[in-house]
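Protein chains in written order, with this note's numbering: chain G, 291 to 665; chain F, 4 to 264; chain B, 3 to 429.
Be aware that a few hints might be false.
Which residues of chain B face chain G? A partial, calculated answer using Cβ under 7 angstroms [unchecked claim]:
1. I143
2. Q146
3. P349
4. A350
Here are the simulated BS3-like cross-link-like pairs (lysine-lysine), alpha carbons at most 27 angstroms apart as the crow flies [said to hold, decoys possible]:
5. G:K374 <-> G:K437
6. B:K122 <-> B:K50
7. G:K313 <-> G:K407
8. G:K575 <-> B:K182
9. B:K328 <-> B:K206
10. G:K611 <-> B:K385
11. G:K650 <-> F:K40
12. G:K628 <-> F:K210
13. B:K153 <-> G:K575
14. G:K575 <-> B:K176
15. B:K153 <-> G:K576
16. G:K399 <-> B:K362
17. B:K176 <-> G:K576
18. B:K270 <-> B:K227
19. G:K401 <-> B:K385
20. G:K611 <-> G:K374
21. G:K432 <-> B:K176
22. B:K107 <-> F:K230
23. F:K127 <-> G:K650
24. F:K37 <-> F:K72
25. G:K650 <-> F:K259
26. B:K122 <-> G:K628
27. B:K122 <-> F:K231
28. B:K359 <-> G:K401
29. F:K232 <-> B:K122
30. B:K29 <-> B:K227
31. B:K176 <-> G:K399
32. G:K598 <-> B:K153
33. B:K107 <-> F:K210
34. F:K210 <-> F:K238
35. G:K628 <-> F:K127
36. B:K107 <-> G:K628
Honestly, the hints are just simulated from the structure, not real lab data.
Note that the structure is a prediction, hence the values are computed from the model and not measured.
Think of the CB as a built atom: it goes at the ideal place given N, C-alpha and C, for glycine as much as any other residue.
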Amino acid sequence: MKTLQSLINVSRTLSNSWIDSWKTKGYILGYFCTHVPEEVIYAADILPVRIRATGCKETSLADAFLSSFNCSFVRCTLEMALEKQYPFLDGIISCNSCDHIRRVYDVWKQKVGTPFKHFLQVPRIINDEAIEAFVHEITLLKASLEKHFNIDISEEKLWEAIKIYNDVRGLLKELYNIRKEGSPKISGTEFMSVVTASTAVPKHQLKMLLNQLLNELVDREGYSNYRARLLVMGSLLDDPHYIEMIENMGGLVVADALCFGSRYFWDPVKESGDPINNLAERYLKKVPCARMIGEHDTRLQYVLDTIKEFDVEGVIFQRMKFCDFWGGECFMFRRELKERGIPFLELEREYILSGVEAAKTRIQAFLESIEARRL
Amino acid sequence: MIVAGCDVGSLTGKALIMKNGEVISYSIVPSTIKPEKTSWNALEAALEKARLKTGDLAYIVGTGYGRMKVPFANLNVSELSCHGKGAHWLVPSIRTVIDVGGQDCKVIRLDDDGRILDFAMNDKCAAGTGRFLEVMAKALEVKLDELGELSKKSTKPAQITSQCSVFAETEVISLIAQGVEVVDIIGGIHESIASRIASLVHKVGLKEDVTVTGGVAKNSGVIEAIKKKLGVEIKKLPLDPQVIGALGAALIAQEKYSSKK
Amino acid sequence: MGEGKGPAMIETLRTIFSFVKDNPIPKVYHKETIDCLFAYVNNYFNYKKQDKKVVMYNFCFTPEIFYAMDIYPLCQEALSVGLAATGLAMNEPYIDVAEESGIPKELCNAQKPLIGAYLKGDAPKPDYIIYAAQPCDSLNIEYQIYENLFKVPSFPIDVPYWHYDPQSEFYNEKTLPYLKNQLENMVEWLEKQLGYQLDTEKLKKVVEMSNEAQENILEFNELMKSIPCPLPSLTPFNNYIVELTTAGTPECVEYAKKMRNQAAEKVKRKEGVIPEEKIRAVWLYTHVFFSPDLFNWMAEKFGAVVVMDMLGYFITKPINTSNTDKIFEGLAEKVLDMPMARQCRGPAEYYIDDYIKMCKEYSADCAIFSGHMACKHSWGLIKLLAESLREEVGIPTLTFEVDTMDSRPVPRGVIEARLEQFFTTII
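Taking the hints into account, I'd like the entire structure generated from these sequences.
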């Protein structure tokens, strides 16, 4: 499982050999949030890398600017930035995903010397006017990139980027669908590692790697010794160790509704028409984050469909402390899944993995109760 | 068939032995730093009482905080499942189990067959746990096992507003200084603990019959306070409430061994 | 619920206002304010009696269109926060019910009580829910929960991040059209729901009245800059809640005139609210709702007056009523400029620049941040703000944690200790 191992390694570090290699001849921009249209950046021959805080141990520098009421994810990213752990970034792009993300950008702007910074206004609702507004924002982003990096982003380059990104999305979906099987050949931990790695590897190389990985998995023996099939959803989660904690207790995570998971690659961009318009549509209409207003029913249906298709027996809803959007969604999902008799477990967490014993007790009790129902 | 359940908590270790479906002995020992040692101590004590040896046991299930470190266990099961199972076996009408331990408290909702429907835990802070009572007993210079009876003597329980037990301790000290009657302070402490527990109960919904397990269940004052707060009768279990987890573990050991054969 | 009785939440509010009417808390809520609010809550029952519709909206939105369309504008926060704001903690049981049912503790208590009330059967059921998605995540998700629970027709409005003012660093020419267009769509949507059209003449009249009230409040705000501060510290907030709920009505105009005249009188006579004004403080957030007489305590004990606060800073411009198009434009600007929305809906600069200006205009000696623990976006910028106030205005900032709507996590005694420590240091 050579390819799988190299992707797992990528997920465990902030930087990697592809980033190092890209850096010798091109620029790299970090982006917060999957609402940022990566293709526009890639079309400028700039590598978009999703900002993570992998390896962050504490937030003493960040806490001088952000507060203990801000989510640990943004505090950790600010910490890493202040500790100069993102030397490979030539700039950052953020958007108004949520209160924490917008404030870390406000602080970052003032306190971290990143040369290029751009903020995208992403609509919170989905309708024609919102798509139009998003088209305008993406156009501004494009212009901003062209100006700062002295490059022309042609329509041709945009279509190329869209094509390669769609290819990658298709491959990730193919990989994801393997988990529908009774004995999936890839575990939840491994899959999350792959998706996390995908946000840090150039898509041309990634396409090759994913093809290799799919080949490697053909003859692999599937995971069959598990207690229950689970779906994980909730706040931003980029740490495969969290999934590992669940799987070590015997629950196999066969599906998710995470932004470092299925929601990253689920929807393709239309490949005919106007590229910017198509990007705006896709990035707004993709399987919605809890920040998207009026879309709760869409989120619910997505999860219900996934539960059916992947034979899910229980849902683990993890929410990061102070994450209002997913915190509120949790309330709604608990009621709705309980109504439908779907076992539901809520876990509170922080970005830096902690409280493992407490979480394990709950996960174990959850698995035991699912098993008891089968009898 | 002889089986055993071993519940390794952070403050006490418990072991319970069942023979052919009947409880024949149990033990409660203080915990040591090493869960492995605690589990041995508990099991040995229970074996001695039953005049048995380790080799007589067909199957052993470990539970509790230290469940993964019980060296002789064939299986480990969460204390939530075990408390639920134990309580339901003793009194099949039980649907809500409130476990008030030394360092955490949990509420378990059971279905008609004694399986877990839902649960809620507080293992983050001392509020609503035995630790809270310990701290208060010390502050009031009263023996821990006298607290319950004293609380029942209170006619005007003091209001303890602090949500955190560390701040509550400060509050209690200031109440003493203000000259509030010690029994009323104790009454207030018991109301406070009942309040925290009630909050946890409401998270999973209350359904009768309700019972309380764990060491703190031996404090009649806490039982009274919970009863008053929730407005329901608390069913007493016909066994030491502190060993219900070990009982559940032993019952599961029985099931596992039978299904193996 | 018997004849004439409404949902418990509104009944309780009505009872509280009627109690306060007869037992006023001096220097906290003016008689004029309570009269207006009592009439406002009573109107709920009047509208219901006439079988008119009720629309629930959020505190960062304005009710003129609703009055023009003859539907009752029920401000959600007037309920959830109103129950806390008289210091009687009537919201706290609802908070507990909501939290026990799985609403995370960290969500804001400005919205949580309605969920608890719903679960208890005490909440009013609106016919429609309309909200502008600002100022924060907590409101945005809790209104989605309302939609999920009540299951009534709803129309959420997306609020742009950028500014409409060409002078602003964050100007974007699409800002105003984007919001204005949504307001127009909202009206179209309401017309379909109600089965009748908006009477644009009526809208004009309603907005003209709203303008008249606001012109008086603008003058009032200018008068509050005088030294010594002429009226009690909570007065601007009094104005806010009246405008928030009754803008566009004749009652609101009457109210605004009275307040403006009161301020003018005091300023003419150079009369301060306290005999010796020692400290002028600007409040960097909403005040501590559960402790409405806190400002009085500050004034009496330390000679400290709060000359302006976040919700009291109602400086929206009167709306151009020359045609319907301009009215919608003006209303869109108002929604963007309303108190709290103006500071919180966008980049930290909106908040910081607003307060630098406020502190200078109101001659502040110091700034105080009653850090509401559920307010993640304001906590996310307070260090930057305090830094800016120190550097650009030369004043110190006090920051403390509190739940402005729940008296239990950080009780009044702790707040007093923090304020005392601060004031005795800076005098």
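Structure versus earlier hints - violations, ascending order: none
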